[in-house]
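Trainee: Respectively, the protein sequence lines represent chains A and B. Each residue of the first sequence is one higher than the last, beginning at 1 in the numbering used here. Each residue of the second sequence is one higher than the last, beginning at 1 in the numbering used here.
To be clear, the hints were calculated from the coordinates, so they are not data collected in a lab. Misleading hints may appear alongside valid ones.
Given that identical chains are not distinguished, each listed pair holds provided it fits within a single copy or across any two copies.
Pairs of lysine to aspartate or glutamate, EDC-like flavour, derived with a Cα cap of 20 Å [stated by the list, open to error]:
1) Lys306 to Glu22
2) Lys72 to Asp186
3) Lys72 to Glu185
4) Lys273 to Asp253
5) Lys194 to Glu149
Protein chains: 2
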Amino acid sequence: MSRLTVALDAMGGDDAPEMVIEGVSLACSQGDAFFRIFGDKAQLAPLVAQYDVPDDRYTIIHTDNVVTAEDKPSQAVRRGRESSMGLAIQAVKDGDAHVAVSAGNTGALMALSKIMLRMMPGIDRPAIATPLPTMRGESLLLDLGANVECSAENLVQFAIMGAAYARVVFGIECPTVGLLNVGVEDLKGHEAVKEAAKILKDAPLPMKFSGFTEGDGIGRGAMDVIVTDGFTGNVALKTTEGTARLITTLLGDAFRSSWLARIGYALASGGIKRLRNHLDPNNHNGGMFLGLNGIVVKSHGGATAKGLASAIGVALNMAQNDLNSLIMEDLKNFGGNQVSDDDAQSAGDADRNNNKEQAAAGSGT
Amino acid sequence: MSRLTVALDAMGGDDAPEMVIEGVSLACSQGDAFFRIFGDKAQLAPLVAQYDVPDDRYTIIHTDNVVTAEDKPSQAVRRGRESSMGLAIQAVKDGDAHVAVSAGNTGALMALSKIMLRMMPGIDRPAIATPLPTMRGESLLLDLGANVECSAENLVQFAIMGAAYARVVFGIECPTVGLLNVGVEDLKGHEAVKEAAKILKDAPLPMKFSGFTEGDGIGRGAMDVIVTDGFTGNVALKTTEGTARLITTLLGDAFRSSWLARIGYALASGGIKRLRNHLDPNNHNGGMFLGLNGIVVKSHGGATAKGLASAIGVALNMAQNDLNSLIMEDLKNFGGNQVSDDDAQSAGDADRNNNKEQAAAGSGT
Numbered sequence: 001m002s003r004l005t006v007a008l009d010a011m012g013g014d015d016a017p018e019m020v021i022e023g024v025s026l027a028c029s030q031g032d033a034f035f036r037i038f039g040d041k042a043q044l045a046p047l048v049a050q051y052d053v054p055d056d057r058y059t060i061i062h063t064d065n066v067v068t069a070e071d072k073p074s075q076a077v078r079r080g081r082e083s084s085m086g087l088a089i090q091a092v093k094d095g096d097a098h099v100a101v102s103a104g105n106t107g108a109l110m111a112l113s114k115i116m117l118r119m120m121p122g123i124d125r126p127a128i129a130t131p132l133p134t135m136r137g138e139s140l141l142l143d144l145g146a147n148v149e150c151s152a153e154n155l156v157q158f159a160i161m162g163a164a165y166a167r168v169v170f171g172i173e174c175p176t177v178g179l180l181n182v183g184v185e186d187l188k189g190h191e192a193v194k195e196a197a198k199i200l201k202d203a204p205l206p207m208k209f210s211g212f213t214e215g216d217g218i219g220r221g222a223m224d225v226i227v228t229d230g231f232t233g234n235v236a237l238k239t240t241e242g243t244a245r246l247i248t249t250l251l252g253d254a255f256r257s258s259w260l261a262r263i264g265y266a267l268a269s270g271g272i273k274r275l276r277n278h279l280d281p282n283n284h285n286g287g288m289f290l291g292l293n294g295i296v297v298k299s300h301g302g303a304t305a306k307g308l309a310s311a312i313g314v315a316l317n318m319a320q321n322d323l324n325s326l327i328m329e330d331l332k333n334f335g336g337n338q339v340s341d342d343d344a345q346s347a348g349d350a351d352r353n354n355n356k357e358q359a360a361a362g363s364g365t
Numbered sequence: 001m002s003r004l005t006v007a008l009d010a011m012g013g014d015d016a017p018e019m020v021i022e023g024v025s026l027a028c029s030q031g032d033a034f035f036r037i038f039g040d041k042a043q044l045a046p047l048v049a050q051y052d053v054p055d056d057r058y059t060i061i062h063t064d065n066v067v068t069a070e071d072k073p074s075q076a077v078r079r080g081r082e083s084s085m086g087l088a089i090q091a092v093k094d095g096d097a098h099v100a101v102s103a104g105n106t107g108a109l110m111a112l113s114k115i116m117l118r119m120m121p122g123i124d125r126p127a128i129a130t131p132l133p134t135m136r137g138e139s140l141l142l143d144l145g146a147n148v149e150c151s152a153e154n155l156v157q158f159a160i161m162g163a164a165y166a167r168v169v170f171g172i173e174c175p176t177v178g179l180l181n182v183g184v185e186d187l188k189g190h191e192a193v194k195e196a197a198k199i200l201k202d203a204p205l206p207m208k209f210s211g212f213t214e215g216d217g218i219g220r221g222a223m224d225v226i227v228t229d230g231f232t233g234n235v236a237l238k239t240t241e242g243t244a245r246l247i248t249t250l251l252g253d254a255f256r257s258s259w260l261a262r263i264g265y266a267l268a269s270g271g272i273k274r275l276r277n278h279l280d281p282n283n284h285n286g287g288m289f290l291g292l293n294g295i296v297v298k299s300h301g302g303a304t305a306k307g308l309a310s311a312i313g314v315a316l317n318m319a320q321n322d323l324n325s326l327i328m329e330d331l332k333n334f335g336g337n338q339v340s341d342d343d344a345q346s347a348g349d350a351d352r353n354n355n356k357e358q359a360a361a362g363s364g365t
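Chain A on its own, in the form it takes in the complex:
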């Protein structure tokens, strides 16, 4: 497998499988990766023809088994290993693909990924990360819901993974990293966030730790990477989406409020289109699962073909730059400096993590 290969869950997402195959077609025109497409062959064969996916760029692997949007993570783990989603993850595990991409059920994808790929050594919990548009460009926010409760150590590991991502995908040599909090002073927040700040302050890591930021730091782009627990991160992400929808709806009403306003809209439409582009989730699509032994990217369930192609592009970028090796190297440097007897324990870590994963798999979000 010298050529970059994407394992694709063709059956996940609101408009799957058509949106997925259209996305593959788009991705084929943007790069030279190869696609292992998992799903119902009877549906997929006509679609690859319709969207002119070149014959030498894909193979379809048939399965009837599908994880639905309604399936609980525990159900996916019990019954979904042979699904289009499960097989795509298995392909990464078996070395048949560099990355897996799915627009399906997030909780199921996380639970299956944890069980099948297991945690990277030195990482206790995986995180879901996504870039969000800001005043300055984009910032990475994590965790977005893989863990409803997080310890200081979890937050520190998220910071290390997020910073590595920013170096690889954003191309920032020494990214700024901050912790989401209810104030910027040292005394603010709960124990986990205060303790994480203490650890990160002097850590020998290729990042600039910039302390705390409040919720408005997300839109401002206060830091390149903003770290929080999965409960707060999920609420913040969804709040961003809800606020954007509220404002654009009200704006639409404003522009329909009179004939003059309609003409005004027509005149300003170039600039407004650029604004919409900047905010369009399809241009920032991709929830990266970080901390696993393999790269898995979750595309938004309602993504368009363009959005899916963008998620594929991010996944390939992560693979090409070997993000996981970078994270492991940072963890090693960090661990060696911080907790000197960690190395002796590292052999047993994988096993202990595996037990933890199985216990947690049913509660993925």
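With chain A's structure known, arrange chain B on it following the hints.
Mentor: Showing chain B alone in chain A's frame:
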């Protein structure tokens, strides 16, 4: 004190004391309340003249002591009782005013209010609540940062207080109440939010408990009252502000991007002005402190005179409708049904709460 009386901290807020006195002048034209104004008489006397505050509507009580924006809550508690902020709270405690309003340091105001007014019987922790603009009108969000960690019981008490507020201030007979979470299914979230949902489900309360909502439920106005812990609520509130600022900034850029766009803006400006009005925090100004033996309202530090007048209006509405009696009645009905031996303990509650407050006062946010 038959006339409704407002105790006003004239020295708190970015543009105090001028903004405060202009706000009093505005409030005088909107109602017939009386104002006890606390602060530096030398600065205040010329301002009341300049803004034509009628002589029979106010009295100025001089103090040199001021709580600054930089003061920590613990400093305010030690040194701030004689400040304009502390004296305003004392006036409520002594029965010289129905409500206290301040645009000063939130953490200091909360710490002083807790120490001086103490908790209402049956409430373990106070909450900060604010109405936010939504697709449907407005929803009350609480807690916004009084408590970084909350138990299920705290969340239930917040729900009871929020529902009472919605009945009094929004005028909704049976408000819908929901809990902020990372999903809407029963299994989602941490223990506190799951347990709170179980308790609220069948509680004999004048509200319709509607289960969970995600972050986008805030902008959508999914429920009249949305309850969460102070950490998540603070992040959600600030995220809303940051997103709104991001979008309106980008929109401004869009409208300045060409001459045609500028003309377009001019034509659409009526509708855009209505949009801005709906989103303007000055029209939704006022962080209510709920759960104390007295009504304290925090105006935004950057509020305009109009914003301060709006906060005063909300505070007077709460006093006029005797919000605190309503809350106590609901708590009594709820407690009687839920935990039958609670009543026997209630006499001791006040004392225990008082001790807890003193321990917590230094960590107000």
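Trainee: Does each hint fit the structure? Answer for all of them.
Mentor: We went through each hint and held it up to the structure:
{"no.": "1", "hint": "Lys306 to Glu22", "in the structure": "within (8 Å within a copy, 53 Å between copies)"}
{"no.": "2", "hint": "Lys72 to Asp186", "in the structure": "between (39 Å within a copy, 12 Å between copies)"}
{"no.": "3", "hint": "Lys72 to Glu185", "in the structure": "between (40 Å within a copy, 10 Å between copies)"}
{"no.": "4", "hint": "Lys273 to Asp253", "in the structure": "both (17 Å within a copy, 12 Å between copies)"}
{"no.": "5", "hint": "Lys194 to Glu149", "in the structure": "both (15 Å within a copy, 14 Å between copies)"}
Every hint from the earlier list agrees with this structure, and none is contradicted.
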